[in-house]
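Colleague: The task is to assemble the complex, starting from two chains supplied on their own in separate frames and drawing on the hints.
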Amino acid sequence: MSQTLIQKILSRASGKSEVKVGEIVTCDVDIAMILDSGGPRKIWPRLKNLGVGVFDPEKVIVVADHFVPAADPQSAAILKLTRDFVKNYNIKHFYDMEGICHVIMAENGHLQPGLFCCGGDSHSTMGGAFGCYMAGFGAIEMTGVVVTGKIWSVVMDTIKVNWEGSFSRGVTAKDIMLFLAKKLGMENAFKAVEFGGSTVKNMSMQERMVLTNMAAELGAETGLIAPDKTTLEAIRLAGVEPQTNALSWKSDDDASFCETHNFNAENLLPQVAAPHKPSNSASAEQFEQENIKIDQAYIGACVGGKLNDLHMVARVLKGKSVSPKTRLLVAPSSKKIMAQAASDGTLEIITNAGGIILPSGCGACAGLGAGVIAEKEVCISSTNRNFQGRMGSKDSFVYLASPYTVAASAVAGKIIDPRELI
Amino acid sequence: MKEKIIRGKAWVFGDEINSDVMAPGIYFKESMDVMASHCLEAIDPLFAKEVKPGDIVVAGRNFGVGSAREQAALAFKELKVGAIIAKSYARIFYRNALNFGLPALVYNSTSEIKPKDELLIDPVKGELKNLTTKIHINVSPIPEHLMDMISSGGLMPFLRKKIDDGEIKVRKE
Ligand code: SF4
Chain A
1 MSQTLIQKIL
11 SRASGKSEVK
21 VGEIVTCDVD
31 IAMILDSGGP
41 RKIWPRLKNL
51 GVGVFDPEKV
61 IVVADHFVPA
71 ADPQSAAILK
81 LTRDFVKNYN
91 IKHFYDMEGI
101 CHVIMAENGH
111 LQPGLFCCGG
121 DSHSTMGGAF
131 GCYMAGFGAI
141 EMTGVVVTGK
151 IWSVVMDTIK
161 VNWEGSFSRG
171 VTAKDIMLFL
181 AKKLGMENAF
191 KAVEFGGSTV
201 KNMSMQERMV
211 LTNMAAELGA
221 ETGLIAPDKT
231 TLEAIRLAGV
241 EPQTNALSWK
251 SDDDASFCET
261 HNFNAENLLP
271 QVAAPHKPSN
281 SASAEQFEQE
291 NIKIDQAYIG
301 ACVGGKLNDL
311 HMVARVLKGK
321 SVSPKTRLLV
331 APSSKKIMAQ
341 AASDGTLEII
351 TNAGGIILPS
361 GCGACAGLGA
371 GVIAEKEVCI
381 SSTNRNFQGR
391 MGSKDSFVYL
401 ASPYTVAASA
411 VAGKIIDPRE
421 LI
Chain V
1 MKEKIIRGKA
11 WVFGDEINSD
21 VMAPGIYFKE
31 SMDVMASHCL
41 EAIDPLFAKE
51 VKPGDIVVAG
61 RNFGVGSARE
71 QAALAFKELK
81 VGAIIAKSYA
91 RIFYRNALNF
101 GLPALVYNST
111 SEIKPKDELL
121 IDPVKGELKN
131 LTTKIHINVS
141 PIPEHLMDMI
151 SSGGLMPFLR
161 KKIDDGEIKV
171 RKE
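Residue numbers (this note's numbering), protein chains in the order written: chain A, 1 to 422; chain V, 1 to 173.
Worth flagging that the hints you see were computed from the coordinates, not collected in a lab. Mixed in with the good hints, there may be bad ones.
[Claimed, not checked] In silico DSSO-like links for lysine-lysine, alpha-carbon gap of 30 Å or less:
id, chain 1, residue 1, chain 2, residue 2
1, A, 16, V, 169
2, A, 48, A, 150
3, V, 29, A, 80
4, A, 48, V, 162
5, V, 161, A, 42
6, A, 183, A, 16
7, V, 4, V, 116
8, A, 394, V, 4
9, V, 172, A, 80
10, V, 80, A, 87
11, V, 162, A, 42
12, A, 150, V, 116
13, A, 48, V, 80
Same shape as in the complex, but just chain V (with noise of 0.2 Å):
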């Protein structure tokens, strides 16, 4: 999340999409890309296909309920969506989407947003724009204690520069 406001076209989703129809596991052992052109295909076959740059994945509750694979938030960042929001959040989901630096937040009334709007978010500021209905809504922001992995990018970037900083003793290879 280097570039702070994320601007794009809202998709919108129901409640309780599980993470095997975000990475279904029949091509668990393809390469992310191929994965991620079948992400959400069993709910929405045109998503994979249309979705652009720095959209949007709007969500009702529990999105991503189910499995700890990574490849559910991940195909997310490989299809370069901008940010999540829905009302609620799975755990594993939720903590894999941070980790990968993809901005998931908390937003009550999603019905607000309709498929195609266009939406401008600061994810620090916890501000959305539906630019499309001119209505201005809070959401919730990045939890505190993640700020700072959020804002290196996720947790590779964030284990790097606390390794190199000397703040975290690891074993070298």
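Isolated chain A, as found in the complex (with noise of 0.2 Å):
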């Protein structure tokens, strides 16, 4: 029988040959990572409660992120917590104020194509970029994780997305993401979303990893792109061999999809999606007519604050100056990510136009950090999610784009099409 990527890893950690869609099987997870805001302090009460350890303390990995640094006591709290669960459970890699659990995933060498691998965060997709399967869950689902190393899943069903051709100026992958939120809805339950394409294999891995992330976006199980050279290079720049059948792990040429769409990059224009939803999207063109104030424009998140990412502000602001009448705040992804773009010149670009910059850590992307916005204000941001009061109060406003678009609405002082100044 032909099977999908996703078959053939869940067949892989089932120990079956294969599998069906529509089966329920329970997998070993090769990986499970748990984070600040609801690994520990969820888990370890409960793992307490019922008097049993971690399964593997090489397999759980603790990313501490969410509410970093602590802006107060309880985040401190919180904080030192999960620092006394890793010495607790002797747990091997744990990464304090490193960055954002994802972008450290894959920063470190953890992913590989093929692995089954469960995280405590929804945007855990964006680890499937490396081939292997990585789904968000649940604090409660993530203890019964670390205790058992075994979960059940239902095998999905696979939507096969296809772009082809080259951007055109000013549009990026988070634009690709912004207008797929729309094409294909928030509603895509127990499936999961291939990528390919010739757009997709020209990209850089740092670009695909935006197409996985927001998988979460379509409400997928999981995003995956198949490995190649490049996947095998960025683990390689990890430090880390890929293992030697790493690019058997594809979707069988006969395999069969639910549904497959075939769309041509070169068409496509930079994307905004309004409040208070992903799918709310349209070209920034039209936004720009409607001549949206911006109080922040927020450069950041797992999504949004890559390096690649910070190139492209840099490339905007360069020689120009933020507007007087908004702020840019620039957080990093990771502690990695700062390191490089301060050698490189990038910060200083940044800096220079007036820009801020704050630590690596979700900060204001879920209203854990700083950053957060106030009623009624505004803010153009380049993460991932803009539901109803995500990064502050309620009554604030936040709409999405690439990093182009945010650093030109910066600029602009509001929201415009970012082709004009690149």
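Modeller: What follows is the structure, encoded as structure tokens:
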């Protein structure tokens, strides 16, 4: 029987030669990633209650990223508890204030094609850029994973999304996802989305990770991209040797998908999603005509604060300044990215233009740290989700866009099409 | 879900109600009762204040879309909501709700239920009676492979039982 990539991964993880769509399987978990926000503080009391430990201290990865750096005594207590948990259970891989979990997983070589990984965060789908299964689960379910090393899954159908051709100027992977949120809707539960086509082939890993990250916005179980040379290079760059069979993790040529969509990247324009849903998207050109003034522009999150995102910001800001009517906040996704952007001059361009650099972490993305907004304030953001109240006051407004569009809007003081400035 | 039959008043919501309005990030550091007191306040400020134990949340498509935060499902549990019926669920919310032993059932035409209607649900049989309008409706029951877990009261009691019975191997603390 021909199988999709996700079927192959689920077969291996459940110890079967093949699996059928709709079948319920129990999978062995290769990596369980838990975070300060819904990790130890929720899971530890439950482990104590059951009187058990973690199934494998080498396979449980802990990242402190949501509440860092502590801005109040409650956050400090949550972080302390996270550190104590790591000591208590001898957790081998702990990333404390190193950056946002999904980026950390990639930077440190934890992701390999074919793996079955669970994360305590909905954007865990980002890991699928490496050709593995990685999906998000709540802390209650992660408790089960951390105790047993197993989880149930429905074998899911795959939606295949192909993009062909090259982007026109000022268009990015982020624009693809804002476009797709509208096109495919946000309700694709218990389905995987596999991205392919020449556009995706030509993307760097950082761009591919935007696609799989925002598969979460499509409501999908996960997003996946079959590994190729670019994938293997990224794994090596992270200091790990790819498994010898790495490139075999791909859908069979005659595998069947529940839906196939073909798009042409050349026709795509920069996109913006209006409050309060990522699927409220249209071209930036259209939003520009509405003359939407912004109080804040935010660059950050797992999806939108990577090195290439900061490079896009610098490309727009070089020789210009942030409008005095607004403020630009920039939170690089990880400490390593911060260091790279500092040494290659990117941060200098941003700060010279009047941008403010924030620590690496989830920060304002989910309303947890520095950069939240007040009632009636409007923010344009390179993050992935703009639900009501996510970035602060429940009566504030967040527009989503690519780093180009966010930076260009910061210069203009209102939402604009970035192509004028690059 | 120890007691089988659930009876309560309907609280009716629309499509795509997201996790962030169920459990707003700005209350993440607070205790669960504080968090729950803000559940859905952005769309219905009276809900968390007036919902009674056993009341039933009725919603449209893709209920719980968004974040993995278990507080979204746990808030309803904290408010002692008896069950949720929705046209469809976001997957993490659905899994979280069932793991907390909170029945999350699927029902296609929630338009037959109006706010404050008195409902009676048998989640095992998949039956719903609208006592106000006297309409009987079929809802899809809890999936079979999760029945054991749900009837133990959720994932934690289920794990406890499995560990005590020696059915799953665990590392001791
Ligand atoms: S940056 Fe935002 S989307 Fe990414 S893991 Fe943190 S809170 Fe979630």
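Colleague: Among all the numbered hints in the text so far, which are the ones the structure does not match?
Modeller: 6, 8, 10 and 12
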